[in-house]
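Fit chain L to the known structure of chain Y by using the hints.
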Amino acid sequence: MRELTYGEAALEAIAEEMRRDPKIFYMSTDAIPSLAKEFGDERIKATPITEAAFTGMGIGAAGCGFRPIVDWRQVTFCFVAMDQIVNQAAKIHYMFGGQVTFPLLFRASVGGGGQVAAQHSQSPYSMFMNVAGLKMFLPSTPYDMKGLLKTAIRDNNPVISFESSRLMGRKGPVPDEDYAIPLGKADVKREGSDVTVVALAWLVHEALAAAEELAKEGVSVEIVDPRTLVPLDAGTIRDSVQMTGRLVIADEAGPTCGFSAEVAAVVTEDPATFARLKAPVKRVCALQVPIPYVPVLESAVFPDRNRIIAGIREVLR
Amino acid sequence: MALTSQSLSSPSRPTNLSPDKQREMLRQMLTIRHFEERASADYVGGKIYGVVHCYIGEEAVAVGVCTALTRTDRIISTHRGHGHCIAKGADLNRMMAELYGRQTGYCKGKGGSMHIADFGIGMLGANGIVAGGISIVTGAGLAAQMEGKGGVAVSFFGDGASNAGPFHECLNIAAAWKLPMIYVCENNMYAAQTAAAKTHALDDVAKRAAGYGIPGVVVDGNDVFAVHQAASAAVDRARSGGGPTLIECKTYRWRAHTERRGQPDPRDPAEMEAWRRKDPIALLERQLRDQGELDDAALQAMVRDILGAIEAAVAFAEASPFPRPDQATDDVFAA
Chain Y
-3 MRELTYGEAA
7 LEAIAEEMRR
17 DPKIFYMSTD
27 AIPSLAKEFG
37 DERIKATPIT
47 EAAFTGMGIG
57 AAGCGFRPIV
67 DWRQVTFCFV
77 AMDQIVNQAA
87 KIHYMFGGQV
97 TFPLLFRASV
107 GGGGQVAAQH
117 SQSPYSMFMN
127 VAGLKMFLPS
137 TPYDMKGLLK
147 TAIRDNNPVI
157 SFESSRLMGR
167 KGPVPDEDYA
177 IPLGKADVKR
187 EGSDVTVVAL
197 AWLVHEALAA
207 AEELAKEGVS
217 VEIVDPRTLV
227 PLDAGTIRDS
237 VQMTGRLVIA
247 DEAGPTCGFS
257 AEVAAVVTED
267 PATFARLKAP
277 VKRVCALQVP
287 IPYVPVLESA
297 VFPDRNRIIA
307 GIREVLR
Chain L
2 MALTSQSLSS
12 PSRPTNLSPD
22 KQREMLRQML
32 TIRHFEERAS
42 ADYVGGKIYG
52 VVHCYIGEEA
62 VAVGVCTALT
72 RTDRIISTHR
82 GHGHCIAKGA
92 DLNRMMAELY
102 GRQTGYCKGK
112 GGSMHIADFG
122 IGMLGANGIV
132 AGGISIVTGA
142 GLAAQMEGKG
152 GVAVSFFGDG
162 ASNAGPFHEC
172 LNIAAAWKLP
182 MIYVCENNMY
192 AAQTAAAKTH
202 ALDDVAKRAA
212 GYGIPGVVVD
222 GNDVFAVHQA
232 ASAAVDRARS
242 GGGPTLIECK
252 TYRWRAHTER
262 RGQPDPRDPA
272 EMEAWRRKDP
282 IALLERQLRD
292 QGELDDAALQ
302 AMVRDILGAI
312 EAAVAFAEAS
322 PFPRPDQATD
332 DVFAA
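Those sequence lines, one after another, are chains Y and L.
Take the first sequence: its position 42, counting from 1, is numbered 38 in the working numbering, and each next residue is one higher.
Take the second sequence: its position 40, counting from 1, is numbered 41 in the working numbering, and each next residue is one higher.
Here chain Y stands alone, though its shape is the one from the complex (with noise of 0.2 Å):
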């Protein structure tokens, strides 16, 4: 199979839409070259640095039947529309009476890992996860990135993809086909029988990694990736929890209020789910701090293989 890199999958599935559908339009600070390219300055629009006004935009020209897609580029900077996307994207369905719809798309890079310091290294997926009215995913493959990325273009709601700045050039398998994979469905990126881990993005590489190496030891480590934040699959993680009694869960965000503790929630709630764990849950998880600079600090936030390994082998004492 062909191979594209993470950031390549986005817009080829981006593109494809587009194609599809006229009512698609891009905005973003900066036009995408490919794309506007392709698709002309009519519908990719290259915005003022306004993201409260151009996610508002998106908001309204939703309403009027088009499918924006709006790019924030890094997470951080979207923070100056959170207006935008927690009053009013949000809730506009709802508090409406479900007038009307809202095909809307928000792109936002996440992580940390590039030396460029607190303000262009976040990961706030559970921010918004808190906010009922949208839908969130974090794809951790070019496979999943595409195929996620076609449901979201094509659902009636505002979705948030948010997308590893770490992956961006990492290739991977993508088929020629068109395929699209569901909102709500997790995947199981390792078989196993011992321990769970659960690990978003970047993490589940890290996990498989981490995997590979203790299976030297003779431990059969599970890796499921949720994919979507919200909704969140439940049901595969308490699957897997109930076949290995184990789990450890893997964040690049830090664990306050984070997906980590919903993970946890959602698998220590479950009665059926409780009965068969082991040991307690164990959270390998970014450092609550702001994301510094210098490597040496950085990297001292952040989890890593290292740090699953030894996470996974705290609930296997």
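Treat the hints as calculated values from the structure; they're not laboratory data.
Treat each hint with caution, since some may be false.
[To be verified] Which bits of chain L does chain Y cover? Going by a derived footprint, with three or more residues having C-beta under 8 Å, they are:
(1) 43 to 53
(2) 137 to 147
(3) 171 to 184
(4) 324 to 334
[Stated by the list, open to error] Cβ-Cβ distance ranges computed for the label pairs, FRET-style:
(5) L:Ala320 / Y:Val285: 57 to 63 Å
(6) Y:Ala176 / L:Ala198: 40 to 46 Å
(7) L:Trp255 / Y:Val285: 39 to 45 Å
(8) L:Gly121 / Y:Ala176: 29 to 35 Å
(9) Y:Asp174 / L:Pro326: 39 to 45 Å
(10) Y:Pro44 / L:Pro326: 43 to 49 Å
[Unchecked claim] So these bits of chain L aren't anywhere near chain Y, every CB distance computed over 12 Å:
(11) Arg28
(12) Arg95
(13) Glu99
(14) Ile130
(15) Leu203
(16) Asp204
(17) Val219
(18) Gly242
(19) Arg261
(20) Ala271
(21) Asp297
(22) Val304
(23) Ala313
(24) Glu319
All residues carry an ideal CB built from backbone N, CA and C; glycine is no exception.
Below, chain L alone, put in the same frame as chain Y:
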């Protein structure tokens, strides 16, 4: 900041609107006023929950602007939005049912007073966040431009919103992209309880249009023909690809910021009384009478019809069921 009484009492230039259309404008303005009086009474009476912001005193703005629009043109309303709904053609029954929190309301009881909106008549909501609607309706202007059918979009907002970021960001982008937008500032001189004079660097919001290279027009917001003329010129400009216009309507709200009793209202009683003497409805009545287009009998019949329609709306609301508790989870996501 306030216009003088002389400038407000001087009638606008003769309008080219037909007598029927002029009487329709009066009917809409009277409908807004009586609807608001009933909403206030039923709020105080405990039939309407939460909070109600009345549009009384500002009726000429919504009616003057919406008379210049077609049904498919888009508008966005505010927390003080009942007047925009009525002027755009919303159904009184479904409006009252929403205030009463019933299943038959525009928002099925999920929005209430601040969020009554009929998307079927070109409304994109009514926003409870000051300046929150400006970017959304600017997106409707973008949609109209991309559709290329000559549609326009109108942002209603107050003097308070004109100090917020989205106002400036959207005026710039609308000007740069020549979007078919009309930005209507309803300057009632107070952002909640704070006087605009204390928070605005310039005396006229419309002067800010110069910073974006678009026309900025100040009109007497209590003169429905003056508002209509300014709006019509702006709509013509927008439909023909000329881009956005900022219209500042100088007006005044007669009621406190909300109908909640016991709130502070720091406004000078003499100022309030002076503005009551500039009643936009009385002005229009006088103009119609002077033209021989309205007499006591016609006015009485009009008011009788309006009060009947409002009574019917209340009866419709009271006869409608409340939502069931399990409907709280409906419509979080669309299918």
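Here is how each hint holds up against the structure:
1. Counting residues of the segment 43 to 53 of chain L whose C-beta lies closer than 8 Å to any C-beta of chain Y gives 0; at least three are required, and the coverage claim is violated.
2. Using a Cβ-Cβ cut-off of 8 Å, 10 residues of the segment 137 to 147 of chain L lie near chain Y, which meets the minimum of three, so the contact claim holds.
3. With 4 residues bearing a CB less than 8 Å from a CB of chain Y, the segment 171 to 184 of chain L meets the requirement of three and the coverage assertion stands.
4. As drawn, the segment 324 to 334 of chain L meets chain Y at 4 residues by the rule of a beta-carbon pair under 8 Å; at three or more, the given contact holds.
5. For Ala320 of chain L paired with Val285 of chain Y, a C-beta distance near 59 Å keeps the hint of 57 to 63 Å intact.
6. Range check, Ala176 of chain Y to Ala198 of chain L: about 57 Å between beta-carbon atoms, so the 40 to 46 Å window is missed.
7. With their beta carbons about 54 Å apart, Trp255 of chain L and Val285 of chain Y fall outside the hinted range of 39 to 45 Å.
8. A hinted range of 29 to 35 Å holds for the C-beta pair Gly121 of chain L and Ala176 of chain Y, which are about 32 Å apart.
9. Separated by about 43 Å at the C-beta atoms, Asp174 of chain Y and Pro326 of chain L satisfy the suggested range of 39 to 45 Å.
10. Against the hinted window of 43 to 49 Å, the Cβ-Cβ separation of Pro44 of chain Y and Pro326 of chain L comes to about 45 Å, which satisfies the hint.
11. Its beta-carbon lying about 26 Å from the closest one in chain Y, Arg28 of chain L satisfies the requirement of being farther than 12 Å from that chain.
12. For Arg95 of chain L, the requirement that its beta carbon stay farther than 12 Å from each beta carbon of chain Y is not met, with the minimum near 10 Å.
13. Not every C-beta of chain Y lies more than 12 Å from that of Glu99 of chain L, the closest at about 8 Å, which undercuts listing it as non-interface.
14. A beta-carbon of chain Y is positioned within 12 Å of the beta-carbon of Ile130 of chain L; the least distance is around 5 Å.
15. Leu203 of chain L, annotated as away from the interface, keeps every beta carbon of chain Y farther than 12 Å; the closest lies near 22 Å.
16. Once the 12 Å rule is applied to beta carbons, Asp204 of chain L is consistent with being away from chain Y; the minimum gap is 26 Å.
17. For Val219 of chain L, the shortest C-beta to C-beta distance to chain Y comes to about 25 Å, beyond the 12 Å cut-off, and the non-interface label holds.
18. Non-interface status of Gly242 of chain L relative to chain Y is upheld: no Cβ of that chain comes within 12 Å, the nearest being about 15 Å off.
19. No beta-carbon of chain Y comes within 12 Å of the beta-carbon of Arg261 of chain L; the shortest separation is about 21 Å.
20. Distance check for Ala271 of chain L against chain Y: the nearest CB is about 37 Å away, which clears 12 Å, and the non-interface claim stands.
21. At roughly 41 Å, the least C-beta separation between Asp297 of chain L and chain Y is larger than 12 Å, which holds for a residue marked as non-interface.
22. Annotated as non-interface, Val304 of chain L keeps its C-beta farther than 12 Å from every C-beta of chain Y; the closest such distance is 31 Å.
23. Its beta-carbon lying about 21 Å from the closest one in chain Y, Ala313 of chain L satisfies the requirement of being farther than 12 Å from that chain.
24. No Cβ of chain Y comes within 12 Å of the Cβ of Glu319 of chain L; the nearest lies about 19 Å off, and the non-interface call holds.
Hint check: violations occur at hints 1, 6, 7, 12, 13 and 14; the rest are consistent with the structure.
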